[in-house]
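J.: Dock chain B against the given chain A, drawing on the hints supplied.
Number of protein chains: 2
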Amino acid sequence: MITVLRIGHRPERDKRITTHVALVSRAFGADRILVDTRDLDLERNFTSTCQRWGGSASIKTGVKYREEMKNFKGQIVHLTMYGEELGKGMATLDPKKDLMVVVGAEKVPREVYELSTINISVGNQPHSEVAALAVFLYSYHGSKMPKFTDGQMKIVPDPRGKTVLENDTDD
Amino acid sequence: MITVLRIGHRPERDKRITTHVALVSRAFGADRILVDTRDLDLERNFTSTCQRWGGSASIKTGVKYREEMKNFKGQIVHLTMYGEELGKGMATLDPKKDLMVVVGAEKVPREVYELSTINISVGNQPHSEVAALAVFLYSYHGSKMPKFTDGQMKIVPDPRGKTVLENDTDD
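Chains as they are written, first to last, in this note's numbering: chain A, 152 to 322; chain B, 152 to 322.
Keep in mind the hints are simulated off the structure, nothing from the lab. Incorrect hints may appear among the rest.
Intra- or inter-copy, both count: the list cannot distinguish identical chains.
[To be verified] SDA-like cross-link-like pairs, simulated, lysine to any residue; straight-line CA separation at most 25 Å:
1. LYS248 x LEU191
2. LYS247 x ASP182
3. LYS305 x TYR264
4. LYS248 x LYS258
5. LYS313 x GLY255
6. LYS258 x GLY205
7. LYS305 x GLY238
Okay, chain A solo, but in the shape it has when bound (with noise of 0.2 Å):
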């Protein structure tokens, strides 16, 4: 089980990036993504690519980060460009526990990096949380992609061009 939780998302600013760090959690194989500003644009945005797309993974925003780290089971990992070296510190993870992923936006409030059972960077310089949760969560399922197979649309790779199958209602 997976959570990734963002914290320090404003809805006007951040809209895209925290869409993209929501989209990312599901395809990169997240099971609950938690926000810490309420927002039902981006719930609503998100449960709608999950009935398109497929999969379960769920999502919940207004949630207060302090009481869901304090009371999470299981490692957190907080990711910032500050942190240990990502294969370092990915080897110090349990895959039997479950794993909360916290991505910040600007400033991440000192408590986050202690309440964190390890700080992980991907690289130790600056470019963004879409970026290290990806990689992150990639390197964690050992470079392998989720697959989907129950949603309403579903792409057949194609290295030329566009081929998008419609699942029937039956499927």
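T.: Chain B alone, transformed into the frame defined by chain A:
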């Protein structure tokens, strides 16, 4: 030599996403970032990041994507959710040839698919061009992140907090 070409950039709407694209390009080992709409703020911010954090990546905005793609001597990978699976697509690339990676914003013109050597997808699901670019470059480099040693600032990886060194000017 790796070039990243960002197309469909609209400075108002895409400011933050394109900034993430540029920072990911640098942090994951691209040498040159091209953006199809002139955006001097983006150029300034990116150049300032390079000064502080090192490396020799360059940025140029306001390029004509069609000409850049047509004149490019090397292989062109367009990242799209419709493309060939990452592993299969990667296996067709020649690491000795120069590489251009194209990432679009919303709707990508048909000719971008045709001007590319291959269209590749990271997962064949809707998520994020920032994530796709990061995972593609990460895989291309054999799951290694480049090191930057010549910046004014340097992070010492830290599982518990923040440790940043400022280089002396003599370094």
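J.: Does each hint hold? Answer for all of them.
T.: Taking the hints in turn, this is what the structure says about them:
no.: 1; hint: LYS248 x LEU191; verdict: neither (31 Å within a copy, 47 Å between copies)
no.: 2; hint: LYS247 x ASP182; verdict: within (15 Å within a copy, 39 Å between copies)
no.: 3; hint: LYS305 x TYR264; verdict: between (39 Å within a copy, 19 Å between copies)
no.: 4; hint: LYS248 x LYS258; verdict: neither (28 Å within a copy, 40 Å between copies)
no.: 5; hint: LYS313 x GLY255; verdict: between (34 Å within a copy, 15 Å between copies)
no.: 6; hint: LYS258 x GLY205; verdict: between (34 Å within a copy, 22 Å between copies)
no.: 7; hint: LYS305 x GLY238; verdict: between (33 Å within a copy, 19 Å between copies)
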